[in-house]
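Novice: Here are the chains, one letter per residue:
There are 2 protein chains.
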Amino acid sequence: MATATNSVSIDRSMVERIVRQVALEHLGRDSKGKAPELTVQTSSRHMHVCREDMDVLFGPGTELTFDRPLFQEGNFAAKETVTIVGPRSRIISNLRILGPMRKQSQVELAFTDAIMLGFSDLPIRLSGNIAGTPGAVIIGPKGVVELKEGVIRAAIHVHMNPTEAAYFGVKHGDMMKLRVGGPSGVTFNQVHVRVDPTSRLNVHMDTDEANACGLHLTKDVELFK
Amino acid sequence: MATATNSVSIDRSMVERIVRQVALEHLGRDSKGKAPELTVQTSSRHMHVCREDMDVLFGPGTELTFDRPLFQEGNFAAKETVTIVGPRSRIISNLRILGPMRKQSQVELAFTDAIMLGFSDLPIRLSGNIAGTPGAVIIGPKGVVELKEGVIRAAIHVHMNPTEAAYFGVKHGDMMKLRVGGPSGVTFNQVHVRVDPTSRLNVHMDTDEANACGLHLTKDVELFK
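These protein sequence lines map, in sequence, to chains A and B. Here the first sequence stands for residues 338 to 562, numbered as in my numbering. Here the second sequence stands for residues 338 to 562, numbered as in my numbering.
Because the hints were derived from the structure by calculation, they are not lab data. Every value quoted in this text rests on a predicted model; they were computed, and no experiment measured them. Hints should not be assumed to be uniformly reliable.
[Claimed, not checked] Using 25 Å as the maximum straight-line C-alpha spacing, the simulated BS3-like pairs for lysine-lysine come out as follows:
1) A:Lys514 with B:Lys514
2) A:Lys371 with A:Lys556
3) B:Lys508 with B:Lys371
4) A:Lys514 with B:Lys562
5) A:Lys562 with B:Lys514
One chain only, chain A, in its complex shape (with noise of 0.2 Å):
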C-alpha cells in the first residue's frame, strides 16, 4: 500500500516537472529548471505621489529627488517626506515618498501604523487600486492636500517576469504561498501574483508582517503554489 501511494504522487509530480522543464526550453531558459532567486523585502510606510499634489505639497513644477534605487527596476526612494495626519488628529512625520510620480497619489501602511492614526479598517489593496477607500490630510513643505482616497494597506505580493511565472507555474492573478522559516515561522497564504516583462522576483511584504515572520533572522523562505 505504501508503495501504491508512492506511485501515485510520483506520477503527479513527474508530470509537474515535465510540464515545467518544456516550459523553461520554450522560454529559453536554462533546462535544468534551476529556482530562481528569491528576494523577499519589506516595504515600510510610504506615498505615492502624482503630478497635481507633486505641485501643491513641493512646489509647482517640482520633481522628486533621487535617493535610493529600489529592487524593480526605475523606482526609487525619493529624499522628499511628508507628514500624514489621520483621522483621530495624530500624525507620522516623515512618511517617505517612492519615485517615480504616478496616476494618483496613495499612501500604503501596516495595520499599527493604521491603528495609531486612527484608521479603523483600512483596506487591503493592492496598489493602484485604491477606490472607496479612505483619505488623509498630507503636508507638504509647500503646501497641504486632503486626499480624497488612497489610504491603503498593500496586500502581500510577488512580483516576476513571464519566465519565472512559467517556472512556478502561475500567471497575473494567481495567489502563491510564501513560507517563511527561522524562530517565528509563518506562512502567508495568499500572496498575489504579479507579472511583468520588465519585473524581478521578489516578494514584497509590509513591516507587520516583516515582524510577525521574523523576516531579518532567517533566510529560509519558500515560495510555492
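Position chain B against the provided structure of chain A, taking the given hints into account.
Specialist: Frame of chain A, contents of chain B only:
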C-alpha cells in the same frame, strides 16, 4: 491505486480517533469529542513587575490596581502604567502593567515597538525565560528601575488544560500550527503549547502577528498539529 491511498489515510485517522476518544472518556469529557472553542487574542506590549520593582516604581508596599480581567483566570490589566526608555533613548509611554505581580519583572514588546525603541535583535522567548535578554530603563511615578534583563518578544503560544491537550493529542512544550483565514491568510507554524490545569484554551499573539494576519477581520481560525 486511489483506493489504496485512501485506505492508508483512513487507517491512520481511525487510530487517531480511537486514541482521542479513549483519552476523552478517560478524562470524563464529551465522548463525541466536540472541538473546544478556540479564542485567539492579541497581547499589546506590556510589563510584568516584581515586588521589588513595584516598590521603587510606585512606592513601598503599593499594590497593582485592578482595571479589567484578562482571559486567563486571575490575570488582569492594572491601572498602573510606566514609561520604557530604549537603547536609542526613545521612549514608549503608557506601557500597561499586567497583574498579578511576578517573581521577575519582564517587558513584552512587538518587534515594531522594539525596533522603534532601538532593540535591534530582541530575542523571541516564552514568558519567564529571560536569561540573557536585554534590559531597559523603566520610569514610574515614584522612581526609576534599570532592568538588567527581561525585555523580550513573546513567542506565540496556546494555553490549554490537560483535557484540551488530550483532544488535540499534544503535550506541554509541543508545537502546533494556527491558520488564520480572512483577507490576509496566514499560518503560524510554531505555536508553543502551554498546558496547565487552570488554563482556558486560547492563543496569545502579539500586535505584529495580529496585524499581519488581519485577526480583527476574520473569525476563521484553526489550531492543529
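Novice: Next, verify each hint and record whether it holds.
Specialist: Comparing the hints with the structure gives:
no.: 1; hint: A:Lys514 with B:Lys514; result: 16 Å, holds
no.: 2; hint: A:Lys371 with A:Lys556; result: 18 Å, holds
no.: 3; hint: B:Lys508 with B:Lys371; result: 19 Å, holds
no.: 4; hint: A:Lys514 with B:Lys562; result: 19 Å, holds
no.: 5; hint: A:Lys562 with B:Lys514; result: 19 Å, holds
Hint compliance for this structure: no hint is broken.
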